[in-house]
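Could you build the full structure based on these sequences and the hints that come with them?
For the sequence shown, numbering that gives the first Met the number 0 gives the first residue as 0, with consecutive numbering after it.
Keep in mind that the hints are not guaranteed to be accurate.
[Claimed, not checked] Cβ pair distances, simulated, as ranges:
id: 1; residue 1: 7; residue 2: 126; range: 57 to 63 Å
id: 2; residue 1: 137; residue 2: 103; range: 19 to 25 Å
id: 3; residue 1: 56; residue 2: 14; range: 18 to 24 Å
id: 4; residue 1: 120; residue 2: 28; range: 43 to 49 Å
id: 5; residue 1: 96; residue 2: 26; range: 38 to 44 Å
id: 6; residue 1: 83; residue 2: 132; range: 30 to 36 Å
[Said to hold, decoys possible] With a straight-line cut-off of 25 Å between C-alpha atoms, the simulated SDA-like cross-links for lysine to any residue are:
id: 7; residue 1: 144; residue 2: 114
id: 8; residue 1: 69; residue 2: 82
id: 9; residue 1: 144; residue 2: 126
Since the hints were derived computationally from the structure, they do not count as laboratory data. We put the beta carbon where it would ideally sit given N, CA and C, even for glycine.
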Amino acid sequence: MNQQYPVHLTTEERRHLQQLIASGTASARMLMHARILLKADREPDGPGWADQAIADAVDVSQSTIARVRKQAVCDGMEAALNRRAPRRVYQRTLDGAQEAHLIALTCSDPPAGQARWTLRLLADTLVELEVVEAISYQTVRRTLKKTS
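Printed below as a string of structure tokens:
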């Protein structure tokens, strides 16, 4: 069977994968991908199994096997074994000046009729003072937790 991404492991890579499986201390995902790569090895001393046989042996779908093969060939064996870092970039709700304003507000006396600042009260006050247009009390909580 001619596959689009044939896996060819070196002796060192094969030994590393076998040690990884033998130790059993890695994550289940990493161990499964190591097994897939070992069984998909097209070198002369590798088994070179077909995708369906690997799917039956490892109990995964053929699309998973194809994805692991592609990662191994295109990005390297480590990319196929390890999860990639998230690519999403989170936009901060509060910048440094706004965080400083929140902390200063938290350290000030609470409004009349209140014994202490609550998260919701801080969020409402930041909006009233036009420090931000809108803010969740959970954002206030995370910001204060981060800075304390």
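Checked hints:
1. Evaluation of the 57 to 63 Å hint for residue 7 and residue 126 yields a pass: the beta carbon distance comes to about 60 Å.
2. Here the CB-CB span from residue 137 to residue 103 is close to 20 Å, well matched to the stated 19 to 25 Å.
3. Separated by about 21 Å at the C-beta atoms, residue 56 and residue 14 satisfy the suggested range of 18 to 24 Å.
4. For residue 120 and residue 28, the hinted distance range of 43 to 49 Å is satisfied, since their beta carbons lie about 44 Å from each other.
5. Roughly 41 Å separates the CB atoms of residue 96 and residue 26, a value that falls within the hinted 38 to 44 Å.
6. A beta carbon spacing of about 34 Å between residue 83 and residue 132 agrees with the range 30 to 36 Å that was offered as a hint.
7. At roughly 21 Å between alpha-carbon atoms, residue 144 and residue 114 fall within 25 Å of each other, so this suggested pair holds.
8. Distance hint between residue 69 and residue 82 is fulfilled; the C-alpha atoms sit about 14 Å from each other, no more than 25 Å.
9. Pair hint residue 144 plus residue 126 holds up; C-alpha atoms about 20 Å apart against a cutoff of 25 Å.
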